[in-house]
Amino acid sequence: MGASRRCATEQRGAATVPDEIRVPIDSDADIVAARQRGRALAAELGFSSGDLTLIATAISEVARNIVAYAKRGEILLSPTNQGSKQGIVVVARDEGPGIPNIALAMRDGYSTSRGLGLGLPGARRLMDEFDIVSQVGEGTTIVMKKWAPQHGQ
Amino acid sequence: MREKTEGLAAAQSTGEAARGMVRELVTHFREKRDALRRQWVEQMTAKGLLAGLTPQETETESIVIYDTCVGCLETGQYDGAQAYATRMAERGILQGMTTDQIIGGLLTLRDVYGRSLFERYQREMARLSAALDVYEPVANRILSIVAMAFIEEREKVVREEREKVVRLQQEVIRELSTPVLQLREGVLILPIIGGIDTQRARQLTEGLLRAIRANRARVVVMDITGVPGVDSKVANHLLQTVQAARLMGASVIVTGLSAEVAQTLVAIGVDLSKLNTLSDLQSGIEEADRLVGYSVTKTSETAARNPRT
Amino acid sequence: MEVPILRQGNYLIATIQATLSDAALLKLRDELVERVGKSRARGVVLDVTVLDVMDSFTTRTLRAIAHMTKLRGARTIIVGIQPEVAFAMTQLGITLEGVETALDLDGGLAALRHGTKGGGDRAR
Chain A
0 MGASRRCATE QRGAATVPDE IRVPIDSDAD IVAARQRGRA LAAELGFSSG DLTLIATAIS
60 EVARNIVAYA KRGEILLSPT NQGSKQGIVV VARDEGPGIP NIALAMRDGY STSRGLGLGL
120 PGARRLMDEF DIVSQVGEGT TIVMKKWAPQ HGQ
Chain B
0 MREKTEGLAA AQSTGEAARG MVRELVTHFR EKRDALRRQW VEQMTAKGLL AGLTPQETET
60 ESIVIYDTCV GCLETGQYDG AQAYATRMAE RGILQGMTTD QIIGGLLTLR DVYGRSLFER
120 YQREMARLSA ALDVYEPVAN RILSIVAMAF IEEREKVVRE EREKVVRLQQ EVIRELSTPV
180 LQLREGVLIL PIIGGIDTQR ARQLTEGLLR AIRANRARVV VMDITGVPGV DSKVANHLLQ
240 TVQAARLMGA SVIVTGLSAE VAQTLVAIGV DLSKLNTLSD LQSGIEEADR LVGYSVTKTS
300 ETAARNPRT
Chain C
0 MEVPILRQGN YLIATIQATL SDAALLKLRD ELVERVGKSR ARGVVLDVTV LDVMDSFTTR
60 TLRAIAHMTK LRGARTIIVG IQPEVAFAMT QLGITLEGVE TALDLDGGLA ALRHGTKGGG
120 DRAR
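If you're matching them up, the sequences are chains A, B and C in order.
Okay, so the first sequence: first residue is 0 according to numbering that gives the first Met the number 0, each after it adds one.
Okay, so the second sequence: first residue is 0 according to numbering that gives the first Met the number 0, each after it adds one.
Okay, so the third sequence: first residue is 0 according to numbering that gives the first Met the number 0, each after it adds one.
By construction, these hints were calculated from the structure, which means they are not laboratory data.
Heads up, some of the hints might be wrong.
Ranges of calculated distance between the beta carbons of each label pair, as one might list FRET restraints [stated by the list, open to error]: (1) B:Gln-262 <-> A:Leu-103: 25 to 33 Å; (2) B:Asp-196 <-> A:Gly-82: 17 to 25 Å; (3) B:Gln-262 <-> A:Ser-26: 44 to 52 Å; (4) C:Arg-71 <-> A:Gly-82: 53 to 61 Å; (5) C:Asn-9 <-> B:Arg-166: 33 to 41 Å.
Small disclaimer: the values here were computed from a predicted structure and weren't measured.
Just so it is clear, CB atoms sit at the ideal spot from N, CA and C, and this is done for glycine as well.
Based on the sequences and whatever the hints tell you, model everything.
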C-alpha cells in the first residue's frame with residue numbers, strides 16, 4: 000500500500016508554519032527584527048519576492064510608528080486562509096497616546112504624498128486589507144492582511 | 000440475547016448486544032493481528048499488488064491500515080480513516096500506484112477479515128450473522144472513503160494541471176503584449192498596448208525595472224499611444240512607474256500622451272509637471288539618444304570630452 | 000556595523016554592507032558629511048544595493064545626506080536601489096525627489112565624472 004513518509008509535513012506547508020509570531024517592539028532594532036520575521040513567514044506562505052518586499056516595508060512602517068509615538072508595543076505575525084486563499088496577517092498593537100483623528104491620518108490623495116507623516120496610507124497601499132482602531136489615551140491597533148496570488152493570477 | 004417486550008428495552012438490548020459484538024470482533028481482530036496481517040500481505044503479493052514497494056514500506060503501511068480499520072470498527076468514527084485515505088491518495092498518485100493496487104489491496108483485506116469471521120463462527124450461524132451485520136457496514140464504509148479520496152485526488156491533479164496551463168498561457172500573453180525592447184545600449188523602449196489596471200501596472204513596472212537592471216539602461220521611452228482611456232488612475236500608475244524607474248537611475252520619456260488627455264489630467268489635478276513628455280515615439284527616441292550622450296557641463300575635466308552618439 | 004567609506008580621487012564611495020539600524024544610518028550620515036567637509040570631496044556615491052527595505056526613515060535620511068553634502072559642495076548619488084525596493088517605495092509614496100540616483104557604482108561614478116545629472120533629476 001502507499002508509503003506515508005513525512006505525510007503531514009509535506010502537505011502544502013501548513014503543518015510547518017507556526018501559528019503566530021510575536022515581536023515585541025521597544026527600539027528601532029526591533030523594527031528590523033519584525034520585518035525580517037515577517038518576510039520569512041511570508042516566504043513560507045509562498046508570496047512572490049516582490050510581495051515579500053511590500054510586506055516587509057509595510058511592517059517597517061507600522062513598527063516605526065510604534066517606536067516613534069508609543070515607545071513600545073508589539074507586532075504579531077500569523078498565517079491565515081479564506082477558502083483556498085493563503086495570506087498573512089500583521090497586527091501592530093500599542094498602548095500609546097492613540098491617534099486623535101484617524102480619518103486625517105489616513106487621508107491620502109492619488110498623487111504621492113510629500114510629508115511622510117504616520118506612513119499609514121502608504122502601508123495601506125502596500126497591503127490588501129487594512130484596519131485601524133485607535134483611542135486617545137488607550138492605544139492603537141492596526142490589522143493588515145495580504146493574500147498570496149492563487150492559480151490563474 | 001434476552002427477550003424483552005418493551006420497545007425501548009428491546010432497542011437498548013439490541014444496542015447492547017451490538018456493542019458487545021463490536022467488542023468481541025475488535026478483540027478478535029487484535030488478537031489475530033499478526034496472523035491476519037501476514038495472510039493479507041501474502042495474498043496481496045500473490046496478486047502482484049505490492050509491486051514497487053519495499054518490504055519496510057509494506058510492513059509499515061499494512062500495520063497502519065490494519066489498525067486504522069480496526070479502530071474504525073471500535074469507535075464508529077472514520078476521521079482517522081478519512082485522514083489516512085487522503086494522505087494515501089496524495090502519496091499513491093504521486094508514486095504512480097494504480098487504483099487496482101490500492102483498492103485491490105483493501106478488498107483483499109476485507110476478504111481476510113471476512114474469512115476469519117467465518118472461521119471463528121462457522122458453527123454458530125446466528126452469531127456469524129450478527130458478526131457480519133456489525134462488520135460489513137464498516138468495511139464498506141472504509142472502502143468507499145478510500146475510493147472517494149482517490150477520485151478526489153485525481154480530479155484535483157487534473158484541475159491543477161489545467162490551471163497551470165492557463166497560468167502559463169496568461170503569462171505568455173502578458174509578456175507578448177508588453178515587451179521591453181533594448182533600442183541601443185542604455186536605451187529601452189516600452190510600448191504599452193491595451194488598458195492598464197493595477198495588476199498590469201505592477202507587472203509592467205516590475206518587468207521594466209528588471210529590464211533596466213539587466214540592460215543597465217539609463218533612458219526609457221515609454222510609449223502609451225496604444226493605451227485607451229487614460230484617466231487619473233491610469234495616469235497615477237504611469238507616474239509611479241516613472242518614479243520607480245528613476246529610483247534606479249533611469250530617466251523616462253513618455254510619448255503618445257495626447258494634448259487633450261494631458262489637459263484633462265492637469266485639470267483634475269494630476270501633477271504631470273515632473274513628466275518628460277513628447278508627442279510621438281520618434282521624438283522620444285531622438286530625445287533618448289540626446290540624453291544618453293553625455294552633455295558637457297561646467298566641470299573643466301569634462302569640457303573637452305565628446306558626447307557619445 | 001561600520002560602513003566603509005573609501006576615497007577614489009575626488010570622490011567618496013560608501014557601500015552599505017548590511018541592514019542598518021536607525022542609529023547606524025544616522026551615524027553614516029554624520030560621518031559622510033564630516034568626511035566631505037574634511038576631504039573636500041566633490042562627489043559621494045552611496046551604494047544601497049544590500050538594503051532589502053527602504054522605508055520612510057531610510058529615505059528621509061538619504062535625502063538628508065544628499066542635501067547636507069550638497070551644502071558642503073559635493074553631489075551625492077544613491078545607487079543600487081533594487082527593482083522590488085523601488086517598486087515598494089513608489090507604492091509607499093516615498094520619493095527621493097531632488098536626489099540623484101544611478102543604477103550601480105559604475106553608473107554613479109560615471110554620472111559624477113561626466114557631470115550629468117543622475118536619474119533622479121532628469122525630468123524637466
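Exercise for review: With 53 to 61 Å as the target window, see if Arg-71 of chain C and Gly-82 of chain A comply at their CB atoms.
Suggested key: For Arg-71 of chain C and Gly-82 of chain A the Cβ distance comes to about 58 Å; the hint holds.
Practice item. Evaluate the given range 25 to 33 Å for the C-beta pair formed by Gln-262 of chain B and Leu-103 of chain A. Key: holds (32 Å)
Point to revise | Range hint compliance [Cβ, Gln-262 of chain B to Ser-26 of chain A, 44 to 52 Å] | key: holds (51 Å)
Practice item. With 17 to 25 Å as the target window, see if Asp-196 of chain B and Gly-82 of chain A comply at their CB atoms. Key: At roughly 23 Å between Cβ atoms, Gly-82 of chain A and Asp-196 of chain B fall inside 17 to 25 Å, so the hint holds.
Practice item. Take the C-beta atom of Asn-9 of chain C and the C-beta atom of Arg-166 of chain B, compute their distance, and say whether it sits inside 33 to 41 Å. Key: violated (52 Å)
The structure fails hint 5 only (numbered hints given earlier).
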